[in-house]
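Peer 1: Sequences listed follow chains A and B, in order. Sequential numbering from 1 applies to the first sequence in my numbering. Sequential numbering from 277 applies to the second sequence in my numbering.
FYI, nobody ran anything at the bench for these hints, they're computed from the structure. Treat the hints with caution; some may be incorrect.
[What the hints assert, rightly or not] Result set (EDC-like, lysine to aspartate or glutamate): computed pairs, CA atoms no more than 20 angstroms apart in a straight line:
1. A:K154 / A:E207
2. A:K156 / B:D529
3. A:K204 / A:D170
4. A:K156 / A:E207
5. B:K528 / A:D263
6. A:K156 / A:E203
7. A:K154 / A:D143
8. A:K156 / A:D124
9. A:K154 / B:D529
10. A:K154 / A:E203
11. A:K269 / B:E524
12. A:K156 / A:D143
[What the hints assert, rightly or not] Ranges between beta-carbon positions, derived for each pair:
13. A:S250 / B:R329: 51 to 59 angstroms
14. A:R246 / B:G424: 33 to 41 angstroms
15. B:D382 / A:R28: 34 to 42 angstroms
16. B:T298 / A:S3: 32 to 40 angstroms
17. A:G268 / B:G342: 36 to 44 angstroms
18. A:R246 / B:H540: 19 to 27 angstroms
19. B:S412 / A:Y12: 54 to 62 angstroms
20. A:G18 / B:N527: 40 to 48 angstroms
[Stated by the list, open to error] Chain B residues, not near chain A, derived (Cβ > 10 angstroms throughout):
21. L323
22. V336
23. R408
24. A416
25. A453
From a predicted model like this one, the values you see are computed outputs, not experimental measurements. Ideal Cβ placement from N, Cα and C applies to all residues, glycine included.
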Amino acid sequence: MTSTPNPTDTAYWDRLRGRIESRTGGWRVGEAVYSHGYSLLGELVGELSWVELFALYATGRRQPRPVCRWLEAFFLCMSWPDPRIWCNQIGALGGSVGTSPVAGTCAGILASDGSLYGPRTLIDAALFLRQALAQRERGTTIDALLRQARPGGKGKPRIVGFARPLASGDARVDALERVRQDLGLPRGPHLQLAFAVEQTLLEKYQEGMNVAGYVAAFLSDHGFQPREIYQVSTLCVAAGVLASHRDQASRPQGRFLPLRCEDIAYTGKGPREVPE
Amino acid sequence: MSKPERPREAMRAARFAERISTRIWQETPSPTNPYVADEVRCHGYELRDLMLRRSLPDTVYLLLRGELPNPEQSRLLERLSIALINPGPRSAACRAAVACGVGRTDPAHLLPVGLMTLEQATEVEAAMRFLRRQRSSDPAAVAAELHGESEPDRHQPGWPQAPGFGRNHGSADPWLAQIAEDLADLPAAGACLRWARDFTTALSPRDIGWLPHGLAAAVLADLGFPPRSGPGLYQWLRLPGILAHGLEYANKDITALPYVDDSHYDIHTEPD
Numbered sequence: 001m002t003s004t005p006n007p008t009d010t011a012y013w014d015r016l017r018g019r020i021e022s023r024t025g026g027w028r029v030g031e032a033v034y035s036h037g038y039s040l041l042g043e044l045v046g047e048l049s050w051v052e053l054f055a056l057y058a059t060g061r062r063q064p065r066p067v068c069r070w071l072e073a074f075f076l077c078m079s080w081p082d083p084r085i086w087c088n089q090i091g092a093l094g095g096s097v098g099t100s101p102v103a104g105t106c107a108g109i110l111a112s113d114g115s116l117y118g119p120r121t122l123i124d125a126a127l128f129l130r131q132a133l134a135q136r137e138r139g140t141t142i143d144a145l146l147r148q149a150r151p152g153g154k155g156k157p158r159i160v161g162f163a164r165p166l167a168s169g170d171a172r173v174d175a176l177e178r179v180r181q182d183l184g185l186p187r188g189p190h191l192q193l194a195f196a197v198e199q200t201l202l203e204k205y206q207e208g209m210n211v212a213g214y215v216a217a218f219l220s221d222h223g224f225q226p227r228e229i230y231q232v233s234t235l236c237v238a239a240g241v242l243a244s245h246r247d248q249a250s251r252p253q254g255r256f257l258p259l260r261c262e263d264i265a266y267t268g269k270g271p272r273e274v275p276e
Numbered sequence: 277m278s279k280p281e282r283p284r285e286a287m288r289a290a291r292f293a294e295r296i297s298t299r300i301w302q303e304t305p306s307p308t309n310p311y312v313a314d315e316v317r318c319h320g321y322e323l324r325d326l327m328l329r330r331s332l333p334d335t336v337y338l339l340l341r342g343e344l345p346n347p348e349q350s351r352l353l354e355r356l357s358i359a360l361i362n363p364g365p366r367s368a369a370c371r372a373a374v375a376c377g378v379g380r381t382d383p384a385h386l387l388p389v390g391l392m393t394l395e396q397a398t399e400v401e402a403a404m405r406f407l408r409r410q411r412s413s414d415p416a417a418v419a420a421e422l423h424g425e426s427e428p429d430r431h432q433p434g435w436p437q438a439p440g441f442g443r444n445h446g447s448a449d450p451w452l453a454q455i456a457e458d459l460a461d462l463p464a465a466g467a468c469l470r471w472a473r474d475f476t477t478a479l480s481p482r483d484i485g486w487l488p489h490g491l492a493a494a495v496l497a498d499l500g501f502p503p504r505s506g507p508g509l510y511q512w513l514r515l516p517g518i519l520a521h522g523l524e525y526a527n528k529d530i531t532a533l534p535y536v537d538d539s540h541y542d543i544h545t546e547p548d
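Chain A on its own, in the form it takes in the complex (with noise of 0.2 angstroms):
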């Protein structure tokens, strides 16, 4: 005779059902909409810059005023027009059909979180540039540190953050050390390493740090946790695919990158009777 299983305790759920708990805000109608401790419209309309509450928003703390103006340099950085990099390609074809551009431009912020380019490839940059920190402070050598990362082509060590799936150099991580110089912004010791972890890189390999780990290595100096850089980062790619997807939505349709029948290698199996 099987004995009957005890109920199981649902408390934990019972207690959330029909509410909810916000660490964020939330709209008192007649009264405010609170964000944060402050009113979102009496306090922080006017006074914030989009990027500024973007941040706030990311992290769930105020970010200081330079650090915001570098992060909007950032996005700056991240917002190329050009159809050819995979995330404006897909608004760029979006585009040429015919969808929305908000239907484009969200495609295109989607594609970018991945692992080889995009926001979610500074967690890995963050993480690493923190554990190389640590073991830096404990007495490792930079050329221990690279011999610890797995093996890249032609024996290159393969460290997200440095080097670059199209082209060898960063003109991005020029034009954000300059805009940390013009808004008098120290190097932290996370950006110390990332630079020192690339002079080595670039004597023994010829390869520099790229956009993901300069950031990562900013952001980091600057408070972020590997996470929070992730989430501040989310629609850094959103201008660039914006811009591909409008070029093309502005011209007729189809026009994006024809392609024949033959301009696809058909490289499977030969014609083939569907068996009964």
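Assemble the complex: chain A is given as a structure, and chain B must be docked to it using the hints.
Peer 2: The following block gives chain B in isolation, referenced to the frame of chain A:
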């Protein structure tokens, strides 16, 4: 007269539902956990019985229409779902999914990205409404009238006067025409599909024919789906091919795709 003031912000007097309601899906709670269902019914039918006795197209039809299709309707939907299973590697949707593949996008995003880039999905609703309005008219007369009003642009796929119809890179699509004939011969083919077949026959001397979303619209309209369900159902029809092509390129090197070099990339901009 003094200017009227804007009202002070206040919640409108509205009575909200106490619970979410649905006609589609019934979950009977397990006796030991009210958050877990131990019996699931779709429009009254036990899901396990549907799994054992009916097909996927049958169950999709049931989900959206509320009743199971008869065998003829099932066959029509199933054949349409195979005919449109893949927009093809040259389509915007598949190319978007492929770009996700080489870009090492999270695999869970391949399909949404492709579906958001699917050509003409939005227009399926307009195509269904067009066919429902026209299905009692003389297709040859409608063809002549619309063509007389405005010839479709030879380089554009669509024809605003007749959503769902037009040209594939300047030509009527012969493969779609053959598929449409196959589907129009089925017992469940209705007024929309037969009317559209005659419409495209009348237009064929002008090299105007079916577009994929027009074929979907005709079949979905004949099966009784409401026009607003057209875009979503069209996405469902096309999604397996989008997923397949995206996955084929997942984790391939970026050099697996052609790259347009700077000598073939023209920039025509002047700063303001």
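Peer 1: Return the numbers of the hints above that this structure violates; sort them in rising order.
Peer 2: Failing hints: none at all.
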